[in-house]
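K.L.:
Can you make the complete structure from the sequences, with help from the hints?
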Amino acid sequence: MTKKVNISTEAGADVQTVSEAVARTLKHARKTQNMTLDELSRRAGVSKGMVVEIEKCAANPSIAILCKIAAALGLSVADFVNVADTPAAHLIDSQDIPTLWHGELGGSARLLAGTSGPNMLELWRWEVFPGESYSSPGHPQGTTELFHVEKGTLRLQVGAVELIIGPGCSAVARTDVPHQYANHGKSKLVFTMSVTEIHPPVRVM
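Going by full-length UniProt numbering, the residue at position 12 of the sequence shown is 12; the numbering climbs one at a time, nothing skipped.
Derived by calculation from the structure, the hints in this document are not laboratory data.
Certain hints may be false.
[Stated by the list, open to error] Restricting the straight-line Cα-Cα distance to at most 27 angstroms, the calculated cross-link-like pairs of lysine-lysine (DSS-like) are:
{"#": "1", "residue 1": "68", "residue 2": "56"}
{"#": "2", "residue 1": "31", "residue 2": "68"}
{"#": "3", "residue 1": "27", "residue 2": "56"}
{"#": "4", "residue 1": "151", "residue 2": "186"}
{"#": "5", "residue 1": "68", "residue 2": "48"}
{"#": "6", "residue 1": "48", "residue 2": "31"}
{"#": "7", "residue 1": "27", "residue 2": "68"}
{"#": "8", "residue 1": "27", "residue 2": "48"}
{"#": "9", "residue 1": "31", "residue 2": "56"}
{"#": "10", "residue 1": "188", "residue 2": "151"}
P.N.:
Here it is in structure tokens:
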């Protein structure tokens with residue numbers, strides 16, 4: 001059974017292109033690192049069945065699952081959806097920008113640009129309609145997100161802390177705990193967000 005979960009691409013790369021890019025990158029990275037499906041499943045905390053379906057291009061992972069698999073492979077989400085590159089400067093065409101979340105009422109989250117992992121920086125643009133929300137488990141320790149609201153009001157829940165961010169305002173949050181973006185207002189919410197994930201160097205004993 002083919003599953004399509006949390007990936008929609010109305011304004012950028014089509015869903016099949018994104019799915020193929022994720023499957024291709026996953027298979028290549030896993031084989032390059034000589035990592036079995038069982039090992040990847042264990043490291044990522046994702047079921048082996050889901051990993052198999054993603055690699056077969058038969059499932060589109062949610063943002064949360066893609067983050068877990070990317071981290072387990074030492075990659076970034078941008079590596080998976082082809083918006084990361086190594087040149088000092090490069091252009092990402094509009095049609096190549098993927099939409100990785102689609103709300104039930106028409107909202108969307110687009111990964112505008114990102115660097116390669118494991119240390120990575122991502123730039124997102126979210127449009128969230130009244131009544132929609134997106135919840136995420138905690139990212140790796142030390143992950144920081146920056147927010148700027150263009151329109152509407154963002155209700156940001158980070159652990160036990162809640163922030164109400166109005167138009168023109170910005171916020172900083174450590175998102176290594178469960179968090180949620182929600183629109184409890186009456187108009188569309190539009191905000192940009194950057195995600196920075198830096199892993200400390202591994203000490204050699």
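K.L.:
Now look at each hint and say whether the structure bears it out.
P.N.:
Structure-based check of each hint:
| no. | hint | verdict |
| --- | --- | --- |
| 1 | 68 to 56 | 18 angstroms, holds |
| 2 | 31 to 68 | 18 angstroms, holds |
| 3 | 27 to 56 | 9 angstroms, holds |
| 4 | 151 to 186 | 11 angstroms, holds |
| 5 | 68 to 48 | 13 angstroms, holds |
| 6 | 48 to 31 | 16 angstroms, holds |
| 7 | 27 to 68 | 15 angstroms, holds |
| 8 | 27 to 48 | 14 angstroms, holds |
| 9 | 31 to 56 | 14 angstroms, holds |
| 10 | 188 to 151 | 7 angstroms, holds |
When the structure is compared with the earlier hints, no violation turns up for any of them.
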